[in-house]
Amino acid sequence: MNLAARLRKFPFWSWFWFLVGTLYFVLPLLATFEFSISWDPADPLKAYLRVFEDNDFWETFIYSNLLALATIIVNTILIVPTAYWIRLRVPEARRIVEFITLLPFVVPAIILVFGLIGLYSAPFRVPFTGITLFQPLTTFSFGTNVLIVAGYMVLAMPYMYRSVDTGLRTVDVRTLTEAAQSLGANWFTIITKVILPNVRAALLSGALLTFAIVVGEVTLASFLGVDAFGPYLFLLGQHRAYEPAALSFFSFLLTWVAMGLIQLFTGGQGQAAGAH
Amino acid sequence: MTHLSLTSVSKRFGEFVAVRDFNLDVKQGEFVSFLGPSGCGKTTTLRMIAGFENPTSGSIRIHGQDITQRPPNQRHVGMVFQSYALFPNMTVADNVAFGLRVRKEKDAAIKQRVDEMLGIINMREKANSYPYQLSGGQMQRVALARALAIRPEVLLLDEPLSALDAKIRVSLRAEIRSIQQKLGITTIYVTHDQEEALSLSDRIVVMNVGEMDQVGTPFEIYNFPKTKFVANFVGTLNTAVAEITDPSDGKLSVDGVPLLTAEKMEGLQKGDQVMIAIRPERFSFAEEQKKANVVDCRIENITFLGAVVRIQVLIGNTKFNMDTFNNPFLELPKIGDMDKVTFSKEAVLILGQANGYAN
Chain A
1 MNLAARLRKF PFWSWFWFLV GTLYFVLPLL ATFEFSISWD PADPLKAYLR VFEDNDFWET
61 FIYSNLLALA TIIVNTILIV PTAYWIRLRV PEARRIVEFI TLLPFVVPAI ILVFGLIGLY
121 SAPFRVPFTG ITLFQPLTTF SFGTNVLIVA GYMVLAMPYM YRSVDTGLRT VDVRTLTEAA
181 QSLGANWFTI ITKVILPNVR AALLSGALLT FAIVVGEVTL ASFLGVDAFG PYLFLLGQHR
241 AYEPAALSFF SFLLTWVAMG LIQLFTGGQG QAAGAH
Chain B
277 MTHLSLTSVS KRFGEFVAVR DFNLDVKQGE FVSFLGPSGC GKTTTLRMIA GFENPTSGSI
337 RIHGQDITQR PPNQRHVGMV FQSYALFPNM TVADNVAFGL RVRKEKDAAI KQRVDEMLGI
397 INMREKANSY PYQLSGGQMQ RVALARALAI RPEVLLLDEP LSALDAKIRV SLRAEIRSIQ
457 QKLGITTIYV THDQEEALSL SDRIVVMNVG EMDQVGTPFE IYNFPKTKFV ANFVGTLNTA
517 VAEITDPSDG KLSVDGVPLL TAEKMEGLQK GDQVMIAIRP ERFSFAEEQK KANVVDCRIE
577 NITFLGAVVR IQVLIGNTKF NMDTFNNPFL ELPKIGDMDK VTFSKEAVLI LGQANGYAN
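As given, the protein sequences belong to chains A and B, one line each in that order.
Take the first sequence: its position 206, counted from the start at 1, is 206 in our numbering, and no numbers get skipped.
All you need for our numbering is the position in the second sequence, starting with 1, plus 276.
Misleading hints may appear alongside valid ones.
[Said to hold, decoys possible] DSS-like, lysine-lysine: derived pairs with alpha carbons at most 27 angstroms apart:
#	chain 1	residue 1	chain 2	residue 2
1	A	K193	B	K380
2	B	K502	B	K458
3	B	K502	A	K193
4	B	K402	A	K193
5	A	K193	B	K387
6	B	K595	B	K610
7	B	K303	B	K502
[Said to hold, decoys possible] From chain B, some residues computed to sit far from chain A (all C-beta separations above 12 angstroms):
#	residue
8	R296
9	G327
10	V353
11	M355
12	Q358
13	A361
14	P364
15	P534
16	G547
17	R574
18	F580
19	N603
20	P604
21	G612
22	K616
23	E622
Hints are computed from structural coordinates only; laboratory data are not their basis.
For glycine and all other residues, C-beta sits at the position ideal for the given N, C-alpha and C.
Work out the full structure, taking the sequences as your base and the hints as a guide.
Rendered as structure tokens:
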């Protein structure tokens with residue numbers, strides 16, 4: 001094949017748009033990185049060291065990670081069986097559920113947090129009896145944690161539900177369920193041994209999105225008055241110059257590591273499910 | 277002894293009656309096929325036995341125990357699906373072991389049973405493969421092993437060969453039958469493929485629009501169909517309207533051509549119009565004229581089908597197909613030739629009054 005023929009076969013425009021896209025995403029990241037190491041030319045990692053030496057960083061970061069973990073666990077327990085049941089038994093309810101999962105996109109987090117505060121900042125009493133079931137959730141730390149996780153569950157629901165639902169679409173849920181039932185499996189075994197492993201990739205994607213939302217969330221954490229990573233980042237951005245850039249770049253790296261781990265843990269399974 | 281028993285089982289989906297008054301007793305170790313076209317209720321009946329559908333009325337018993345309301349995971353039936361339904365996240369060995377693990381059997385016993393089952397389906401070397409690494413035939417063999425591993429009371433197979441290509445289908449159906457006979461397991465097999473049903477079954481239940489049309493051995497179903505539907509659905513069939521000319525001697529005529537039948541003509545009178553049926557392979561050219569019916573015909577068409585040559589002949593004004601084995605050393609007649617064909621009087625089946633078959 002001569003050079004002219006090879007050039008004709010070369011997908012020029014495909015590569016052109018690929019490069020434009022890559023630059024669009026990579027340039028801001030490079031600029032951030034460059035800015036983050038420009039504080040002290042003698043010590044390029046100064047901003048990073050400052051961040052990691054700050055106790056507030058670690059406290060808020062670990063706390064937000066725990067909140068994210070709790071949100072992911074509770075959301076998984078709630079959403080996987082729900083999406084599975086809808087697909088298996090009430091497919092006609094899918095539209096309603098999809099509508100509900102879209103609500104967090106149209107109802108701002110500020111509305112949600114004021115709703116939560118309005119409802120749970122008073123003691124919860126059994127109607128017409130005067131019996132107090134529990135004290136205002138906003139007045140003690142465990143109660144506030146429950147509230148904020150509940151709020152995050154709502155915020156993350158669209159991502160989690162859609163990921164799981166897409167994952168369920170790739171497997172023949174009904175037949176696999178019936179096969180497991182005919183072999184003697186109960187619902188718990190079916191969900192944990194058959195359904196969950198086959199939507200693992202989708203679940204991890206949903207979990208990653210949930211993690212990203214929770215760790216960077218500001219509104220709920222600020223109004224509920226908890227020392228989470230989102231408000232910490234916000235405050236840092238207002239009072240410092242180089243550390244926020246270092247933290248942004250660090251967050252990107254964290255996301256990439258998470259995505260890499262997802263690929264690592266789900267590669268074979270995705271292939272298997274795809275073949276099915 | 278009756279092993280599986282279905283009594284007056286019916287299933288409705290709203291106004292639609294999927295299965296109507298289904299009655300069947302299946303003996304221990306018997307292989308029964310439900311045969312019929314799509315939508316005849318055969319899969320619904322199978323799913324009611326498995327517990328995936330609840331009958332609207334009637335009862336299902338295994339070993340005399342009523343299991344009608346029992347959930348599927350407590351019925352102890354093994355099921356093989358058309359789409360294999362292997363768990364994609366598990367290896368072949370784990371798939372086969374699944375039911376045993378659910379039953380919390382000991383690890384050593386599970387290992388031994390899995391090895392035994394993989395030996396039966398000749399797939400020991402694939403024990404650690406995942407379903408996506410197997411061919412369709414291999415996946416269905418694993419599905420069969422998985423269903424059999426739990427030693428089910430009844431094995432249910434829902435069109436297990438439909439998704440496979442023709443050659444594998446033939447070899448796998450022989451394998452299924454051989455395994456079933458070896459293990460002596462009571463089996464219900466759903467298919468719309470008459471050849472599968474005829475070659476595999478001890479008995480066949482032919483179903484049509486939710487009802488049992490006929491139950492019998494493959495020999496009975498093929499040779500003595502009781503309804504036009506069965507006659508048409510199982511094998512190829514020539515049907516024609518005939519007029520009774522002498523009911524006491526089994527005489528009738530098609531377009532004025534006299535024929536004899538061995539069928540009883542109870543309730544029929546001279547002049548009645550009936551629907552008769554003759555299988556294509558019951559015809560032969562009249563080299564020897566010992567048979568009861570020898571009639572003149574004209575060769576209308578000849579179709580070469582490989583092992584068989586199908587010749588269309590005109591008897592009176594009615595066209596009949598006759599099948600003859602392909603013999604490269606015999607000369608076939610030519611289209612337009614006049615000839616004689618013969619068939620025994622047992623070959624002429626009366627399906628009923630002609631006005632009952634207006635279609």
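To see whether the hints hold, each was checked on the structure:
In summary, the hint linking K193/A to K380/B is supported, as the alpha carbons are separated by about 14 angstroms, within the 27 angstroms threshold. Between K502/B and K458/B the alpha-carbon distance is near 33 angstroms, which puts this suggested pair outside the 27 angstroms criterion. Restraint check for K502/B and K193/A: not satisfied, since their Cα atoms lie roughly 49 angstroms apart, outside the 27 angstroms limit. Taken as a hint, the K402/B and K193/A pair is honoured in the structure, with Cα atoms around 22 angstroms apart against an allowance of 27 angstroms.
Taking the CA atoms of K193/A and K387/B, the gap is about 19 angstroms. The hint holds against a cut of 27 angstroms. Restraint check for K595/B and K610/B: the C-alpha separation of about 16 angstroms stays at or below 27 angstroms, so the hint holds. About 23 angstroms separates the Cα atoms of K303/B and K502/B, which keeps this hinted pair within 27 angstroms; it holds. With a least CB separation of 24 angstroms from chain A, R296/B remains clear of the 12 angstroms interface cut-off, as annotated.
Chain A draws G327/B into its interface by the beta-carbon criterion, the shortest separation being 7 angstroms against a cut-off of 12 angstroms. Not every beta carbon of chain A lies more than 12 angstroms from that of V353/B, the smallest distance being close to 6 angstroms; the non-interface claim is violated. Listed as outside the interface, M355/B is inconsistent with that label: its C-beta sits roughly 4 angstroms from the nearest C-beta of chain A, within the 12 angstroms cut-off. With a cut of 12 angstroms on Cβ distances, Q358/B falls inside the contact zone with chain A, its closest approach being about 9 angstroms.
Not every C-beta of chain A lies more than 12 angstroms from that of A361/B, the closest at about 4 angstroms, which undercuts listing it as non-interface. Not every CB of chain A is more than 12 angstroms from the CB of P364/B (nearest about 4 angstroms), against its label as outside the interface. The beta carbon of P534/B sits about 57 angstroms from the closest Cβ of chain A, which is more than 12 angstroms, so the claim that it is off the interface holds. Distance check for G547/B against chain A: the nearest CB is about 56 angstroms away, which clears 12 angstroms, and the non-interface claim stands.
With a least CB separation of 54 angstroms from chain A, R574/B remains clear of the 12 angstroms interface cut-off, as annotated. No beta-carbon of chain A comes within 12 angstroms of the beta-carbon of F580/B; the shortest separation is about 41 angstroms. Annotated as non-interface, N603/B keeps its C-beta farther than 12 angstroms from every C-beta of chain A; the closest such distance is 47 angstroms. Residue placement check: P604/B keeps its beta carbon more than 12 angstroms from all beta carbons of chain A (closest about 46 angstroms).
A cut-off of 12 angstroms between C-beta atoms confirms that G612/B is not in contact with chain A; the least separation is 55 angstroms. The beta carbon of K616/B is kept farther than 12 angstroms from every beta carbon of chain A, the shortest such distance being approximately 56 angstroms. Under the 12 angstroms C-beta cut-off, the non-interface status given to E622/B relative to chain A holds; the minimum distance is some 44 angstroms.
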